[in-house]
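**Q** Residues per chain, in single letters:
Protein chains: 2
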Amino acid sequence: MDANRDKQIRETLLKNEVGALLLWRPDEIVMATGYLPLWGISVCIYPAVGKPVIYVPELEPADILPADFRIQTYPWGIIECADPWKELYAYLKADLDVLCPGQPVSFIKHIGSSAPPQIAGEGAPLPLDFIDQLMALSEGRYKDLTSEIIGLYARKTSDEIEKIAKANRIAFLGIRAFYEHLIPGKTEVEVACIVETAIQSQIGKDDIFYAKGWPYIMAGVNASFGGIYARNTGKVLQEGELVMIEMAVCVNGYWCDITRTALVGQTINTQQKNIFNAVETAQQMALEMIKPGVQARNVDKKIRDYFQQTEFGAYFNHALGHHVGFRYHDPGMGFNPNSNLVLEEGMVLTVEPGLYVQMLGVGVRIENNIAVTVNGINLLSDYLTTWSLIH
Amino acid sequence: MDANRDKQIRETLLKNEVGALLLWRPDEIVMATGYLPLWGISVCIYPAVGKPVIYVPELEPADILPADFRIQTYPWGIIECADPWKELYAYLKADLDVLCPGQPVSFIKHIGSSAPPQIAGEGAPLPLDFIDQLMALSEGRYKDLTSEIIGLYARKTSDEIEKIAKANRIAFLGIRAFYEHLIPGKTEVEVACIVETAIQSQIGKDDIFYAKGWPYIMAGVNASFGGIYARNTGKVLQEGELVMIEMAVCVNGYWCDITRTALVGQTINTQQKNIFNAVETAQQMALEMIKPGVQARNVDKKIRDYFQQTEFGAYFNHALGHHVGFRYHDPGMGFNPNSNLVLEEGMVLTVEPGLYVQMLGVGVRIENNIAVTVNGINLLSDYLTTWSLIH
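Taken in order, these protein sequences are the chains called U and Z.
Residue numbering for the first sequence follows our numbering, beginning at 1 and increasing consecutively.
Residue numbering for the second sequence follows our numbering, beginning at 1 and increasing consecutively.
To be clear, the hints were calculated from the coordinates, so they are not data collected in a lab.
Don't take each hint at face value.
No distinction is drawn between identical chains; accordingly, a pair holds when it is met within one copy or between any pair of copies.
[To be verified] In silico PhoX-like links for lysine-lysine, alpha-carbon gap of 20 Å or less: (1) Lys15 / Lys143; (2) Lys205 / Lys235; (3) Lys302 / Lys15.
Just chain U, same shape as in the assembly:
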């Protein structure tokens, strides 16, 4: 158990006079307990006072369950038990009655914009009436703490930052494979598979039981749409193209979000070089501004103003960054023109200036992940920002 995380949650509950949080979205369970539900259908009661309980389906592997939490299995499978959910709800109700009798309870009601799924790309097998059932068992005591729960995502503990740093280190293995396989004739999806293999092959080493890289490789004209969409196609890499890699690396439930851009071959033209250099300069400018107390929208503005001073001002069409760590995109305000975020020590964010010039078929983004420290940043993705390993 992470004592700092525990303290944050308990203080939020006590301050809002809520007896317990019900956590059921896989990413919020990682945030609260450090445990990544393999099947995505675990539920946690986190009480203001008393020991938290995690209810896991009996098919969950025991070796990934966290210490220091009470674990209660519930049955699974229509053969042994006609309705496992009914048993789960009964457990929840009985324990809520003991842990916080009569007190308000809170939970987020929608899975949208959440929940990295665990099983083969299919969402967690929640019944259609799952939220209605949670509402029924809280017996009118529901209190909406959605924004407070989202606030809990934003302030990472030092243990959590180390786990996100580890995801960043694993991501580097994919980035290196990317640089090494920018070979004319390979397709985007072939390079993506090589990168994915570099990431997943870490499973079984260094306590890693879950690692995915989700790389998207976008070459030439596809990179020039990089601010718009991300996918791998059968496009063949060609000499002289700039290629972007966008990665969402998840290691044991902790995420990073990294982009690099590099050249196929050794011949870069002046426009490509100017665009690349502008993005690289913007990246450095942003990193230098970040520290506690800074308004996030001012960092975004600085970069937007800088691009306006170049010939590429029209081509930075997205936000400068967002929280990251319990998901590919953590909730809450990040670096963008409408943001109210004031940076605090312990926040982990992406910094991702990019320029996408479709008429030139050139797109460049460089994305780093940083943790805000007491007087600046810890650059979690402190590796290779170059258009070529050999230039």
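Chain Z: place on chain U using the hints.
**A** For chain Z alone, kept in the frame of chain U given last:
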């Protein structure tokens, strides 16, 4: 547009006196329109009368949008538009007022148990109040057709069956790679990456823009837990182990669900062989029973009774099969003891007997996908059911 699918939907709406379906879960959009939303945040109004409309974020690639539907883009990104959702809701409301003024509308309210996500393992970025907003714009006209919508998943058209058959053919490339790489010393996750690469490498060929294999490799003792959970670990494959591969192959939005079991090396012991042969026999028995009019629970019972006659009756602990095609697990009743399903022509199901004998460290499952035809089955996964390519 698939005329048979269109007819099914329109008839369901007219019969239930509902003016339009609102479809927003990616898998139900595939079911209704054949279009796989890349970002997972497209919405379709399917009216009882009139041309269906699909609302897509402007970041959706144009080349994957379906013909014969009206396409309306909505803005995306906080830079160009502060609230893209507000614009989406306004479009929906205006079109509902034209397409079905004053008539009831219906939609499924929960994303749980649905929605293959498209972007890097993160769920579709739906706002927390998405369903509330849909309710608000339907102005009290909401009518619950959840079970009818689930019914629409079960009856596949001939075009859809061909697309699911294609997913099965792509899956074979993964199965072949699996057999070829059952080499002592390789880890489960290494073999999984080889299989995934074989599947994804089909992107860009034969109109395939999306292909994922999601293989799980379970070796020896891990296979003996195969009825319980699925994951890839760093376990090293050892000579004489039976290894299971479980795959959820998705090609352009159409899914198959395949399992094979095979031996590392050439030395199989008698118990392994007996378990394998029992499962293979059960698979054949099930396939021979399936045709229109048959009660699904009777097929399940036949297999359960057969295993009881062997020494392994206690080790078949899951259902015999489920609908498949628009997801890894389509909704609705399948082959299990509590099922009310009566088989009909056009249904596509898995058939997956398995035995998991943990005290022997042996697990065997063979899973095929079939389409019910007028007088029997079309075996969509008509390939390799053997414990060794070389025995």
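**Q** Are there hints from earlier that the structure breaks, and if so, what are their numbers?
**A** 3
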